[in-house]
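Those sequence lines, one after another, are chains H and F.
This note's numbering runs 20 ahead of the 1-based position in the first sequence.
This note's numbering runs 20 ahead of the 1-based position in the second sequence.
Each hint can be trusted.
The list makes no distinction among identical chains, and a pair is therefore deemed to hold if it is satisfied within one copy or across any two copies.
Derived DSS-like pairs (lysine-lysine); straight-line CA-CA distance at most 27 Å:
| hint | residue 1 | residue 2 |
| --- | --- | --- |
| 1 | 160 | 138 |
| 2 | 148 | 79 |
| 3 | 79 | 47 |
| 4 | 145 | 79 |
| 5 | 46 | 145 |
| 6 | 422 | 269 |
| 7 | 49 | 78 |
| 8 | 79 | 46 |
Just so you know, the hints here were simulated from the structure itself, not pulled from any lab data.
Because the structure is a prediction, the values reported are computed rather than measured.
Here is what each chain is made of, one letter per residue.
Protein chains: 2
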Amino acid sequence: MLKVLKFGGTSVGTLDRIQNVAEIIKKIKNDGHDVIAVVSAMSGETNKLIEYAHTFAKKPTSHELDMLLSSGERVTSALLSIALNEQGYIATSMSGREAGIVTDNSHTKARIEHIDTKNMTYAIKEGKVVIVAGFQGVTKDGRISTLGRGGSDLTAVAIAGAIKADVCEIYTDVDGIYTTDPRIEPKAKKLDMISYDEMLELASLGAKVLQNRSVEMAKKLNVNLVSRSSFTPEVEGTLITKEENIMEKPLVSGIALDRNQIRVGMYKVRDIPGIAATIFTALASADINVDMIVQTVAVDGRTDLDFTIPTDDLETCEGVMKIFEEDVENIDYNEDVCKVSVVGVGMKSHTGVAAKAFSAMAKENINIRIISTSEIKISMIISQKYAELAVRSLHDAYNLDK
Amino acid sequence: MLKVLKFGGTSVGTLDRIQNVAEIIKKIKNDGHDVIAVVSAMSGETNKLIEYAHTFAKKPTSHELDMLLSSGERVTSALLSIALNEQGYIATSMSGREAGIVTDNSHTKARIEHIDTKNMTYAIKEGKVVIVAGFQGVTKDGRISTLGRGGSDLTAVAIAGAIKADVCEIYTDVDGIYTTDPRIEPKAKKLDMISYDEMLELASLGAKVLQNRSVEMAKKLNVNLVSRSSFTPEVEGTLITKEENIMEKPLVSGIALDRNQIRVGMYKVRDIPGIAATIFTALASADINVDMIVQTVAVDGRTDLDFTIPTDDLETCEGVMKIFEEDVENIDYNEDVCKVSVVGVGMKSHTGVAAKAFSAMAKENINIRIISTSEIKISMIISQKYAELAVRSLHDAYNLDK
Numbered sequence: 021m022l023k024v025l026k027f028g029g030t031s032v033g034t035l036d037r038i039q040n041v042a043e044i045i046k047k048i049k050n051d052g053h054d055v056i057a058v059v060s061a062m063s064g065e066t067n068k069l070i071e072y073a074h075t076f077a078k079k080p081t082s083h084e085l086d087m088l089l090s091s092g093e094r095v096t097s098a099l100l101s102i103a104l105n106e107q108g109y110i111a112t113s114m115s116g117r118e119a120g121i122v123t124d125n126s127h128t129k130a131r132i133e134h135i136d137t138k139n140m141t142y143a144i145k146e147g148k149v150v151i152v153a154g155f156q157g158v159t160k161d162g163r164i165s166t167l168g169r170g171g172s173d174l175t176a177v178a179i180a181g182a183i184k185a186d187v188c189e190i191y192t193d194v195d196g197i198y199t200t201d202p203r204i205e206p207k208a209k210k211l212d213m214i215s216y217d218e219m220l221e222l223a224s225l226g227a228k229v230l231q232n233r234s235v236e237m238a239k240k241l242n243v244n245l246v247s248r249s250s251f252t253p254e255v256e257g258t259l260i261t262k263e264e265n266i267m268e269k270p271l272v273s274g275i276a277l278d279r280n281q282i283r284v285g286m287y288k289v290r291d292i293p294g295i296a297a298t299i300f301t302a303l304a305s306a307d308i309n310v311d312m313i314v315q316t317v318a319v320d321g322r323t324d325l326d327f328t329i330p331t332d333d334l335e336t337c338e339g340v341m342k343i344f345e346e347d348v349e350n351i352d353y354n355e356d357v358c359k360v361s362v363v364g365v366g367m368k369s370h371t372g373v374a375a376k377a378f379s380a381m382a383k384e385n386i387n388i389r390i391i392s393t394s395e396i397k398i399s400m401i402i403s404q405k406y407a408e409l410a411v412r413s414l415h416d417a418y419n420l421d422k
Numbered sequence: 021m022l023k024v025l026k027f028g029g030t031s032v033g034t035l036d037r038i039q040n041v042a043e044i045i046k047k048i049k050n051d052g053h054d055v056i057a058v059v060s061a062m063s064g065e066t067n068k069l070i071e072y073a074h075t076f077a078k079k080p081t082s083h084e085l086d087m088l089l090s091s092g093e094r095v096t097s098a099l100l101s102i103a104l105n106e107q108g109y110i111a112t113s114m115s116g117r118e119a120g121i122v123t124d125n126s127h128t129k130a131r132i133e134h135i136d137t138k139n140m141t142y143a144i145k146e147g148k149v150v151i152v153a154g155f156q157g158v159t160k161d162g163r164i165s166t167l168g169r170g171g172s173d174l175t176a177v178a179i180a181g182a183i184k185a186d187v188c189e190i191y192t193d194v195d196g197i198y199t200t201d202p203r204i205e206p207k208a209k210k211l212d213m214i215s216y217d218e219m220l221e222l223a224s225l226g227a228k229v230l231q232n233r234s235v236e237m238a239k240k241l242n243v244n245l246v247s248r249s250s251f252t253p254e255v256e257g258t259l260i261t262k263e264e265n266i267m268e269k270p271l272v273s274g275i276a277l278d279r280n281q282i283r284v285g286m287y288k289v290r291d292i293p294g295i296a297a298t299i300f301t302a303l304a305s306a307d308i309n310v311d312m313i314v315q316t317v318a319v320d321g322r323t324d325l326d327f328t329i330p331t332d333d334l335e336t337c338e339g340v341m342k343i344f345e346e347d348v349e350n351i352d353y354n355e356d357v358c359k360v361s362v363v364g365v366g367m368k369s370h371t372g373v374a375a376k377a378f379s380a381m382a383k384e385n386i387n388i389r390i391i392s393t394s395e396i397k398i399s400m401i402i403s404q405k406y407a408e409l410a411v412r413s414l415h416d417a418y419n420l421d422k
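Please put together the full structure from these sequences, using the hints given.
Written out as structure tokens, the structure is:
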């Protein structure tokens, strides 16, 4: 098998940890696999460099930031290669440029446009372990670029896609994706498999582990993604793959909790044609990611509009709402809410899944403010104070600890 | 004027020092000059990275070391560019690769083979300040290479030569080349100008400031080199240039002291034809840099051979000498010696310069063990204990404090 591995900042955070990563790679090599490993900067390094840059400028020029920040991953790739070479394995480090990663010109948040796998393929054919400095590429003009936070994951997934690797293993300090946050529900269980779409919906469960941008790319490139831990490499992680690959589809895969929500209530909005469209277009133009929307039936030519936005967008939202002052009687912002979601591909083909969620809430006297459902998800906005209780009740209702 | 500036590790050793370098560059820019600045890694960084590498391997693989060590200069180049950009100057950082520096394949001690100045020339034409990460280049195969210690100086000199800069200013923490070591002779004076050849002979005076490799390259490429300080940028440094450019040639430019010498005495060597050639060929093959040689006239088919070697080569020399055990009655090694040298292009056209040196020694009752002279240098091997006295006497004899 050709495996692309990715080791994040904590996995290579110290010289000891780098040695540990070398051991993991050795074992995989000894099992007869070919390995391309993508590495992040040692944890803390990138922040240190950003801090340095900020002593000179509030907003450092982006190309210079790229030159600066791309250095950390290079250090790790060189050190890991040295560790492997010393033990008789032939490893070669490659910068993003040498690995053939070509990006657009958006310095500090570039998108990978193309990967020329020539150098990597050649090295693999020679029996070498390839260690790629993650998070970076080169623009078509030949200038260094970086991919933004989470960029090393993207590097790994993109390489796995381009070189048609059998699997892309993302190593962090967490050993996989759980049915829910184990800090809230200690009975949470690690999942063996989960589909891309479920993973995307369960983002809050994987937030520390996998960024949506990487999961989306894995889905697009059809890359089998594994989330596992470099601290307990003997534990199999969670495979994130396409739905067709999952034989036994569970009804519900997991319960997600998102506390980063504000509920915006617009009361007695003038019910003229297209008013909702106008409001949500204005919010979208301001880059506000509106999540759940409920519109109640118009009474006396007036209607109520409820929706949620991410906490960070509150101020921007208040600005946008000024445009609609004359069209609405009252607007209130409720920060004391959270979103719990039940996610599972199985609900596509089963009925009663939503009903079970609502009755679980009712049993605990938890009032549901907004409900929204999709093919594979039921989301509910509830009061913050019931967050943990709701998660545990739902986890229990669907027997996720079994 | 187009100026190439080079700032070493102590000149960019802290964020404050980098800001200070930005001020120096701004002033030069404001004076109407174009600037290419070559920077080293922040002092301590390279050693830290080497230490990291050595935790994994006694002898880290050389390509990986290059990937590792080249990162430090990139960080400095980015930070300095950020500092300049913030103040309204347009600066752009370039890695060795981006600056067009192509080297041979000798990783960790590569030689610059060619510089493609296209990117730098274009940026200069656009009015930008170019900040080049020193010490590094790229092989013809596209792999990162480094030039070894002192490599940033070489980068600067090579760029100045390739781009036909008017001057190459090497900034360190010393404000130029002195007539002798001011710690030995407080009356030592800073030189305004000195020829390449004198500088090479005075290596010990410039050792901390300019490596011979850089001076030799400057001579070859006809680059006007200036040694000056980033700590006192208002002080003009010392111009190192070709002899023809120096109008008033002083009789003597400086007095150098080299304590790193061992005198090897071979007594009663069999005086067969070619024996000296055989001995010195054997020493050269062992990479021992034999300096001064004196052979006394043969008596009874036997001759005495005296020569000096660098202290570090003692052990190797002893090994080589075993070959000649049968050809010589006795060999002794005297570590208690040093070499004082009087250097000046003026002595080419003046007589009596050497005589003055010898009488200065005689006046102080300093016994001269070996003498050797070249067109522009008189060197004497004397006892270590007279080192400082000899330097001060010679400095005085040639009125170097005037």
